[in-house]
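Line by line, the protein sequences are chains A and B. Residue numbers for the first sequence follow our numbering, so the first one is 9 and each next one is one higher. Residue numbers for the second sequence follow our numbering, so the first one is 9 and each next one is one higher.
It is possible that some hints are incorrect.
The list cannot tell twin chains apart, which means a pair is met if one copy fits it or any two copies do.
Taking lysine-lysine pairs in the DSS-like style, the calculated list, with each CA pair at most 27 Å apart, reads [what the hints assert, rightly or not]:
# : residue 1 : residue 2
1 : K328      : K445
2 : K227      : K328
3 : K357      : K328
4 : K472      : K227
5 : K477      : K508
6 : K477      : K328
7 : K357      : K445
8 : K521      : K477
None of these hints come from the bench; they were simulated from the model.
Each chain is listed here by its residues.
There are 2 protein chains.
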Amino acid sequence: MAYPRRFGALRLLFTLMLPVGLRPMIRAAEAPPALVEQWGVFELTLAGPASGNPFTEVTLSAAFQQDGRTLRVEGFYDGAGVYKVRFMPVTTGAWTYRTESNRPELAGRTGRLTATAPGPANHGPVGVRNTFHFAYADGSPFRELGTTSYAWVHQTEALQEETLRTLAAAPFNKIRFCVFPKYYEWNHVEPGRYPFVGTAPDRWDFTRFNPEYFQHFEKRIQQLRDLGIEADLILFHPYDGGHWGFDRMGAANDDRYLHYVVARFAAYRNVWWSMANEYDFMREKRPADWDRFFQLVQASDPYQHLRSIHNGARIYDNNKPWVTHASIQNGSAVEDYARAMLYRDVYRKPVVFDEVKYEGNLPQRWGNLSAEEMVLRFWEGVVAGTYVGHGETYLDPNDIIWWARGGVLHGQSPARLAFLRRVMADDPVDGLEPIDKWQDNPFAGQPGQYYLGYFGRQPRTSWKFELYKTGVKEGMSFRVEVIDTWNMTITPVPGLFVAKKQGDYTFADQDGKSVPLPGTPFMALRIRRVEQAD
Amino acid sequence: MAYPRRFGALRLLFTLMLPVGLRPMIRAAEAPPALVEQWGVFELTLAGPASGNPFTEVTLSAAFQQDGRTLRVEGFYDGAGVYKVRFMPVTTGAWTYRTESNRPELAGRTGRLTATAPGPANHGPVGVRNTFHFAYADGSPFRELGTTSYAWVHQTEALQEETLRTLAAAPFNKIRFCVFPKYYEWNHVEPGRYPFVGTAPDRWDFTRFNPEYFQHFEKRIQQLRDLGIEADLILFHPYDGGHWGFDRMGAANDDRYLHYVVARFAAYRNVWWSMANEYDFMREKRPADWDRFFQLVQASDPYQHLRSIHNGARIYDNNKPWVTHASIQNGSAVEDYARAMLYRDVYRKPVVFDEVKYEGNLPQRWGNLSAEEMVLRFWEGVVAGTYVGHGETYLDPNDIIWWARGGVLHGQSPARLAFLRRVMADDPVDGLEPIDKWQDNPFAGQPGQYYLGYFGRQPRTSWKFELYKTGVKEGMSFRVEVIDTWNMTITPVPGLFVAKKQGDYTFADQDGKSVPLPGTPFMALRIRRVEQAD
Numbered sequence: 009m010a011y012p013r014r015f016g017a018l019r020l021l022f023t024l025m026l027p028v029g030l031r032p033m034i035r036a037a038e039a040p041p042a043l044v045e046q047w048g049v050f051e052l053t054l055a056g057p058a059s060g061n062p063f064t065e066v067t068l069s070a071a072f073q074q075d076g077r078t079l080r081v082e083g084f085y086d087g088a089g090v091y092k093v094r095f096m097p098v099t100t101g102a103w104t105y106r107t108e109s110n111r112p113e114l115a116g117r118t119g120r121l122t123a124t125a126p127g128p129a130n131h132g133p134v135g136v137r138n139t140f141h142f143a144y145a146d147g148s149p150f151r152e153l154g155t156t157s158y159a160w161v162h163q164t165e166a167l168q169e170e171t172l173r174t175l176a177a178a179p180f181n182k183i184r185f186c187v188f189p190k191y192y193e194w195n196h197v198e199p200g201r202y203p204f205v206g207t208a209p210d211r212w213d214f215t216r217f218n219p220e221y222f223q224h225f226e227k228r229i230q231q232l233r234d235l236g237i238e239a240d241l242i243l244f245h246p247y248d249g250g251h252w253g254f255d256r257m258g259a260a261n262d263d264r265y266l267h268y269v270v271a272r273f274a275a276y277r278n279v280w281w282s283m284a285n286e287y288d289f290m291r292e293k294r295p296a297d298w299d300r301f302f303q304l305v306q307a308s309d310p311y312q313h314l315r316s317i318h319n320g321a322r323i324y325d326n327n328k329p330w331v332t333h334a335s336i337q338n339g340s341a342v343e344d345y346a347r348a349m350l351y352r353d354v355y356r357k358p359v360v361f362d363e364v365k366y367e368g369n370l371p372q373r374w375g376n377l378s379a380e381e382m383v384l385r386f387w388e389g390v391v392a393g394t395y396v397g398h399g400e401t402y403l404d405p406n407d408i409i410w411w412a413r414g415g416v417l418h419g420q421s422p423a424r425l426a427f428l429r430r431v432m433a434d435d436p437v438d439g440l441e442p443i444d445k446w447q448d449n450p451f452a453g454q455p456g457q458y459y460l461g462y463f464g465r466q467p468r469t470s471w472k473f474e475l476y477k478t479g480v481k482e483g484m485s486f487r488v489e490v491i492d493t494w495n496m497t498i499t500p501v502p503g504l505f506v507a508k509k510q511g512d513y514t515f516a517d518q519d520g521k522s523v524p525l526p527g528t529p530f531m532a533l534r535i536r537r538v539e540q541a542d
Numbered sequence: 009m010a011y012p013r014r015f016g017a018l019r020l021l022f023t024l025m026l027p028v029g030l031r032p033m034i035r036a037a038e039a040p041p042a043l044v045e046q047w048g049v050f051e052l053t054l055a056g057p058a059s060g061n062p063f064t065e066v067t068l069s070a071a072f073q074q075d076g077r078t079l080r081v082e083g084f085y086d087g088a089g090v091y092k093v094r095f096m097p098v099t100t101g102a103w104t105y106r107t108e109s110n111r112p113e114l115a116g117r118t119g120r121l122t123a124t125a126p127g128p129a130n131h132g133p134v135g136v137r138n139t140f141h142f143a144y145a146d147g148s149p150f151r152e153l154g155t156t157s158y159a160w161v162h163q164t165e166a167l168q169e170e171t172l173r174t175l176a177a178a179p180f181n182k183i184r185f186c187v188f189p190k191y192y193e194w195n196h197v198e199p200g201r202y203p204f205v206g207t208a209p210d211r212w213d214f215t216r217f218n219p220e221y222f223q224h225f226e227k228r229i230q231q232l233r234d235l236g237i238e239a240d241l242i243l244f245h246p247y248d249g250g251h252w253g254f255d256r257m258g259a260a261n262d263d264r265y266l267h268y269v270v271a272r273f274a275a276y277r278n279v280w281w282s283m284a285n286e287y288d289f290m291r292e293k294r295p296a297d298w299d300r301f302f303q304l305v306q307a308s309d310p311y312q313h314l315r316s317i318h319n320g321a322r323i324y325d326n327n328k329p330w331v332t333h334a335s336i337q338n339g340s341a342v343e344d345y346a347r348a349m350l351y352r353d354v355y356r357k358p359v360v361f362d363e364v365k366y367e368g369n370l371p372q373r374w375g376n377l378s379a380e381e382m383v384l385r386f387w388e389g390v391v392a393g394t395y396v397g398h399g400e401t402y403l404d405p406n407d408i409i410w411w412a413r414g415g416v417l418h419g420q421s422p423a424r425l426a427f428l429r430r431v432m433a434d435d436p437v438d439g440l441e442p443i444d445k446w447q448d449n450p451f452a453g454q455p456g457q458y459y460l461g462y463f464g465r466q467p468r469t470s471w472k473f474e475l476y477k478t479g480v481k482e483g484m485s486f487r488v489e490v491i492d493t494w495n496m497t498i499t500p501v502p503g504l505f506v507a508k509k510q511g512d513y514t515f516a517d518q519d520g521k522s523v524p525l526p527g528t529p530f531m532a533l534r535i536r537r538v539e540q541a542d
């Protein structure tokens, strides 16, 4: 995928920098199409005006065509007279493109590219599968297990590199972070770059982006992509409080910023759009602004990357059609799978508890979960058919706290979440569904085939084998494993459990067998149907 | 409020039955305006065509005016050449009206009425107050505490009268019941009347209503009103299963039926509209039908009575603008106040758990709650800032089960719900609000003033006095009462508790005092601020 940028785009740039009179001849020579892998990034680089304000005065877009299909993408100004159009081919094969612009030197540029088969680690962008779950574009399930480090890309280079090394060894396949820098407790450092031209802290020309800021940011997106980590980009946040004023730029600047961000980042397959963190804490925005932001991003992004918005105290109406999944902050919902499950029912979209308090030792109650409680929230969320996000807030002499700045992880939960991820890897590809909704039945799975249950804080010494009736028939055989979610062990229970109907609702084992449990908290069960030879 | 029907309307009917030539003279005599109390029912009776199909061929409506305000109401055919227009004056004072019709004898009828001050038991219709709660039109709080008896009006006269006697002595201020009869387990009796002209079970002329059916039905609405009970009318339901076919009449008949029902019933102040029970179990309807029904009722009802829809397995999008409150069925949500609370956050409307399983001994799990569990659900719901509905399903040798057919109540919960209603009578008029949302804090109330907390099944021997910080200041004094929700006692705790800040989030008693508790389940606390003289 680096290929077209290294060769094809350079050649194009070279071509386009020739005097105009020479171009037709060269174009008539029919340069071979650029090669880019499916869901990789094709980048077209064009020379254009550097005078005036290219960000406001120059329009640029391109239409990419394959057979009857057209995807329109916005281009962007990258500084120093350089304009770019980025494109993610969503299918393999031949694509052609043609640019449009209000400047003749940028308009009507045409060319071809060939999208090749994706590499082994490239599964495409993530979308919704089976109403409540996620999958990559190639059909592989995406079993979300995220973390949060709001401002990691706005720290020193050394710290950012350390964060990337930590992520490479961590279990997370998504990370939430802010496009704008953050000014908040434990994180009052100024970033090395600013998104606009101007003078820190608060004298900015919001009509002129700083390309270097965004070049750096997208380098981080690419590095996450290469680690197999989705970049859940937080487009606005309240942790500015007017210090820089990026939280109160006004509607025209907000919209121009969104167009610019989508033009730059949408071609990266691992991008998700989060309109905001704690959107309702941004007092300068009106409710209608959020609808408009969603609609703008929806209209501008030809790939329809996932779109969400994270709440403070008031949840956005996630039933609105432009929301692809609910991104929930709630301090108590995932203490209980039956709470977590309710959000699925009201939204009928994937539910991601992106903030559930953090493992750490801050005085604030949102930042002092024990590791056991952090892990419990993941398991409760999983058996609710939802997804949960991690965060870590251990006090540090240098205030390098993962949740805000990245660095290294100190907590005890990530190892258990890596274990959970291994367990989840065996989940049905269509996701875990509550087995017996709105009853006290802490199992999710696929009826008759696969069950994952979790007993939370409750210490039990046994569990009577009992499955809700859906999908179960008399005589079906099941294997049971006892999972210690804290000590990270999976212990098969000897023998098989054979279903026998009992009463109107459930099947028990034909001999009434129970599953012995060790009497400690945080135990889970995995039950899988086995085909019997006899 | 009976006055205008007894005298005014009769006089009008007499007037209108005169040969047309005589009418102007009489009208010139300026008959005194009819008198009707505010939120009472004014009924205009007109003679019109009895031939053809009056239900489909005759249109009738009236505009009622006061100052610059106009309310348009639909009239209806009541059989035997009698047409009626019902009107609920929403303000006191003089109103004038004028009819419109496609028949000259019904068109252009004009008249006057005077709305007098409401009687002492008349608080007007119920609407939404303070986002999550209810109030009568006169400002009195309506603290919903409902029950369900789906088909009580379709039973023998004697049984209906018994049901009314039961309701008169019961704590419920709302009852849910079906306009159409019900054909379901434990209730396969044919009703005494049918809503359409035709032959039972399934040969109906859906274009011809049976006025007697609706006359009887509205008599019951009036009797409930006179008992101070809201009539939550279920307009469609699936418990027909094609036996009569009222669940599959087709769109044109559905819509005509809704217009007829609204025309007949909307003037009764105690009417609520429930589009359906278990709407999603009605396989003959498409999702868009429900939107249309809501919109039709919303457009036809000049008083904007409360509108909801009750779910089976799939919850309707209660964020849609025509839904005034969420009417939820969920078998486990109100086992835990923190689950119940979540629905408030996603809808920002009053949440009524209209079905939470029933007290009884049916083999079905939805009908075999213990009384303790029924009462627990009410208290969990109340401290979540929501409302809960009762139902009773004790097996009976004659299959007279309250939930379906009414009769008498056998359970142990109604006495406890009467006790709860007395407790709720002291609640702040703006309703109970969660004190510290999304934390494990089972208190609702008004910060700094009033707290109601509930410990559910958890037996506790003490509770350390601790209030979340909002609204509390150092030195504020509070009285505490211990409420045994099952044994129905309220025990004041001696002395005062004086607030002193502890940590970032809460206030404790200045001496660290705790509230002693008896170590039994189902205990609640009420905490009220007291003004200190010193």
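Against the structure, the hints:
no.: 1; hint: K328 <-> K445; in the structure: both (24 Å within a copy, 24 Å between copies)
no.: 2; hint: K227 <-> K328; in the structure: neither (32 Å within a copy, 42 Å between copies)
no.: 3; hint: K357 <-> K328; in the structure: both (11 Å within a copy, 17 Å between copies)
no.: 4; hint: K472 <-> K227; in the structure: neither (53 Å within a copy, 53 Å between copies)
no.: 5; hint: K477 <-> K508; in the structure: within (10 Å within a copy, 54 Å between copies)
no.: 6; hint: K477 <-> K328; in the structure: neither (35 Å within a copy, 34 Å between copies)
no.: 7; hint: K357 <-> K445; in the structure: both (16 Å within a copy, 23 Å between copies)
no.: 8; hint: K521 <-> K477; in the structure: within (17 Å within a copy, 51 Å between copies)
The structure does not agree with the numbered hints 2, 4 and 6 stated previously, though it agrees with the rest.
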